[in-house]
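Student: Please build the complete structure, drawing on both the sequences and the hints.
Below, each chain spelled out in residue letters.
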Amino acid sequence: MLKRVLKAAAIVASASLLAVSAQAADVIKIGQVAPKSGPLAGGATVTQWPNVELWSKQVNAAGGLNVGGTKMMVEIVEYDDKTNPGEHIKAAQRLAEVDKVDFIVAPYGTGFNLAAAPIYAKYGYPQIAVSAISDKMPELTARYDNLFFTLGNTTSFTDSVIEILTDMRDAGTIGNRVAMVNVADAFGIELAEAARPKIKEAGFDIVYDKSYPLGTPDLSPIIKGAKDSKPDAFVAWSYPPDTFGLTEQAIIQDLDVKMYYTAVATCFPAFKGKFGSKIEGVFGAGGVNQGSPEIQAYFEAHKEMTGKDADAWASANTYVSLEILGQAIEGAGTLDRKAVTQYIKDNTFDTIMGPINFENQISNKYWTVGQWQDGKFRGVKSSQMDGAAPIVAKDGWN
Amino acid sequence: MSHGSDIKSLVWGAVLLLLAACVPLVANGYWMSIALTIAMFTVLATSWALFSGPTHYISLATAAFFGVGGYLVGTGMSDYNMGFWTMVVIAPVVGAVLAFLIGIATLRLSGVYFVIFTLGLAEMIRTLVSWIQNNFTGSRGLYVLTDLTEADIYIYLVILAAVVYLAGWWVNRSRIGFALRIIGNDEMVARHVGINTATSKVILFTFSGFIAALVGALIAPRYTYIEPNGVFSPEISFIVVIMALLGGTGRLWGPIVGVIPFALLQEFINANYSSYSTLVMGVAFLVIVYFLPKGVVGRIEQALATRRKSTW
Numbered sequence: 001m002l003k004r005v006l007k008a009a010a011i012v013a014s015a016s017l018l019a020v021s022a023q024a025a026d027v028i029k030i031g032q033v034a035p036k037s038g039p040l041a042g043g044a045t046v047t048q049w050p051n052v053e054l055w056s057k058q059v060n061a062a063g064g065l066n067v068g069g070t071k072m073m074v075e076i077v078e079y080d081d082k083t084n085p086g087e088h089i090k091a092a093q094r095l096a097e098v099d100k101v102d103f104i105v106a107p108y109g110t111g112f113n114l115a116a117a118p119i120y121a122k123y124g125y126p127q128i129a130v131s132a133i134s135d136k137m138p139e140l141t142a143r144y145d146n147l148f149f150t151l152g153n154t155t156s157f158t159d160s161v162i163e164i165l166t167d168m169r170d171a172g173t174i175g176n177r178v179a180m181v182n183v184a185d186a187f188g189i190e191l192a193e194a195a196r197p198k199i200k201e202a203g204f205d206i207v208y209d210k211s212y213p214l215g216t217p218d219l220s221p222i223i224k225g226a227k228d229s230k231p232d233a234f235v236a237w238s239y240p241p242d243t244f245g246l247t248e249q250a251i252i253q254d255l256d257v258k259m260y261y262t263a264v265a266t267c268f269p270a271f272k273g274k275f276g277s278k279i280e281g282v283f284g285a286g287g288v289n290q291g292s293p294e295i296q297a298y299f300e301a302h303k304e305m306t307g308k309d310a311d312a313w314a315s316a317n318t319y320v321s322l323e324i325l326g327q328a329i330e331g332a333g334t335l336d337r338k339a340v341t342q343y344i345k346d347n348t349f350d351t352i353m354g355p356i357n358f359e360n361q362i363s364n365k366y367w368t369v370g371q372w373q374d375g376k377f378r379g380v381k382s383s384q385m386d387g388a389a390p391i392v393a394k395d396g397w398n
Numbered sequence: 399m400s401h402g403s404d405i406k407s408l409v410w411g412a413v414l415l416l417l418a419a420c421v422p423l424v425a426n427g428y429w430m431s432i433a434l435t436i437a438m439f440t441v442l443a444t445s446w447a448l449f450s451g452p453t454h455y456i457s458l459a460t461a462a463f464f465g466v467g468g469y470l471v472g473t474g475m476s477d478y479n480m481g482f483w484t485m486v487v488i489a490p491v492v493g494a495v496l497a498f499l500i501g502i503a504t505l506r507l508s509g510v511y512f513v514i515f516t517l518g519l520a521e522m523i524r525t526l527v528s529w530i531q532n533n534f535t536g537s538r539g540l541y542v543l544t545d546l547t548e549a550d551i552y553i554y555l556v557i558l559a560a561v562v563y564l565a566g567w568w569v570n571r572s573r574i575g576f577a578l579r580i581i582g583n584d585e586m587v588a589r590h591v592g593i594n595t596a597t598s599k600v601i602l603f604t605f606s607g608f609i610a611a612l613v614g615a616l617i618a619p620r621y622t623y624i625e626p627n628g629v630f631s632p633e634i635s636f637i638v639v640i641m642a643l644l645g646g647t648g649r650l651w652g653p654i655v656g657v658i659p660f661a662l663l664q665e666f667i668n669a670n671y672s673s674y675s676t677l678v679m680g681v682a683f684l685v686i687v688y689f690l691p692k693g694v695v696g697r698i699e700q701a702l703a704t705r706r707k708s709t710w
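So the protein lines, in turn, are chains A and B.
My numbering applies: residue 1 is where the first sequence begins, and numbers increase by one.
My numbering applies: residue 399 is where the second sequence begins, and numbers increase by one.
Any given hint might turn out to be false.
[What the hints assert, rightly or not] Just some of the chain A residues that point at chain B, by a computed CB distance under 8 Å: (1) Asp80; (2) Pro85; (3) Glu87; (4) Ala96; (5) Val98; (6) Ala115; (7) Ala186; (8) Ser211; (9) Pro293.
Please keep in mind that the hints were generated in silico from the structure rather than gathered at the bench.
We put the CB at the ideal spot given by N, CA and C, even for glycine.
Tutor: This is the structure:
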């Protein structure tokens, strides 16, 4: 009797095991660790999470990815890293070893991409980083064979701003007086350091040069100081909270400059949501080709499927990184990560931002500066992108 | 504590540490990263308890020293082309000097004033670091690129744990340990019987600052890229306190009894109920304070004592 029961149990058990593995075979598991809480959560909920949702929904609605003749649906396994690198590393290990995901979506933030890189390299996951900007990219890609960069480097961001200053001076719109401020935190310091000598080299006078600590609640003294220095142009290497704070003060105190630039988050839908038509002519980091039908279709799908507006910069890049991953899996025709990584290195991908390929694991197609024009944030400076809008001068805060 | 039980606990400790050192032989990457987290918090919580246990001075400064360690490795390697090991030597010395200065300035404060001061300390140092970066050194990103694996770092931390245990064992037997216990019971009495309370406190506080900075330095390669906001995160200080209190600070091996279950619980919650982890942490803190005022260890000893009584 006991023997028979055991036998039956064994059959049931093996049958269910089979069922599980059969089910698993039809699904591509894709892991994502990014912040849902902590300081970076605000940015990630605009730029990162909705795109993972959008892409996976679209792929599954189309019947999945074609992997060597088999249609496979994608399943997202996601964890919150709480904007904590230690937590992120544990979650990345969990994805690889416990969930045994087939592929991963690169993390959000420079620090997190670098913290996770050794782990993803160890398991051979192609890591197409988006929200990671570094001047050490060649060194990092030499170190990690599976790591790709798509959003540009620090130097290109500062150079583009200086180009705009020079263009506007040549056109006679502005003079030589530049007020420059920065948030005293990693990326803000890095950008200010890179920009300072180059702005001077381009023949400008930095008439105001101040920094403020991250999280400064009241930025009115900064704007007041800038205003008192009577600048022609105002450049702020800022983070999301201070991009909003500085602009609010600039409006209140009527900082009258023909060129006004704030860095990160200027391209966010919430920026327009808060200031409306007053930000007409404001420059910011990022940009997108608003005239491209692919981008317009993407914005519509984003709104429809996630209920949120995409930002006018890294949202599209994030979506593109997933397009590349999907196309590489289909192109390689296998879930073998080595083959897929090699496919990414060797091929050009047809994306909503046009054709994209990698040279030494780095893509050189990205926007660097955009400007709010007629209520839309349009790319005006880029590295190798088509469709840049002409620059306009800022004409008051109306 | 009798001499015999001291020797016994030393032997037990040695056996456990040897076992701990074998973990990399059997653990896969996932368990290795959990073991590393446990090792890191074991060292931090134990060295924290060395000072805060006997004196009852709750220090929330762990993140300050931990952050100094991590930051110095980052800036040393990225901005000054120093080697990792050079910075590992420099960082804890800076941490100790800092702890010493802070100790001298604040350990005359007592009770809640001390707690509040240490809470603000990490934030103050983070801001100071940003200010220095912004005005003097500049920043091109703080990269810590080494070839160390998690298993390597784990082994270093286990060795460091051994050092901390030995130090703690020695302190408990020494005059300074005795002095600290009296300070914890009644500082006024301690002063009246001629104990130099300030010196004793400063020595132990400096030691725990040294260790926390060293842990921050050793763990830096795991993060690859140092962000001051990350390494100076006040959460580190709080978790260390919760873990140590959960285990119990009355015994040298108390904190680790708290670290292991807490780290595993945290991992379980993060893996399954990612969005509730802050809530669970708060509940854990309440439970510890209400039901385990002397920690798990205190509870166990209490239970053992009642059993012994009832068998008599």
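Student: Hint by hint, say whether it matches the structure.
Tutor: Hints, one by one, checked against the model:
About 4 Å separates the beta-carbon of Asp80(A) from the nearest beta-carbon of chain B, less than 8 Å, and the hint is met. This hint holds: Pro85(A) has a C-beta 5 Å from the nearest C-beta of chain B, less than the 8 Å allowed. The criterion of a C-beta within 8 Å of any C-beta in chain B is met by Glu87(A), whose closest approach is roughly 7 Å, and the hint holds. Satisfaction of the interface hint for Ala96(A) is found here, the shortest Cβ-Cβ separation to chain B being roughly 7 Å, below the 8 Å cut-off.
At a threshold of 8 Å, the smallest CB-CB gap from Val98(A) to chain B is about 6 Å, leaving the interface hint in force. A least Cβ separation of about 5 Å between Ala115(A) and chain B falls short of the 8 Å threshold, and the interface hint therefore holds. Using the Cβ-Cβ criterion of 8 Å, the hint placing Ala186(A) at the interface with chain B is satisfied: the shortest such distance is roughly 6 Å. At about 5 Å, the closest approach between the beta carbon of Ser211(A) and any beta carbon in chain B falls short of 8 Å, and the interface hint on this residue holds.
For the restraint placing Pro293(A) at the interface with chain B, the shortest Cβ-Cβ distance is roughly 37 Å, beyond the 8 Å limit, so the hint is violated.
The structure does not agree with numbered hint 9 stated previously, though it agrees with all others.
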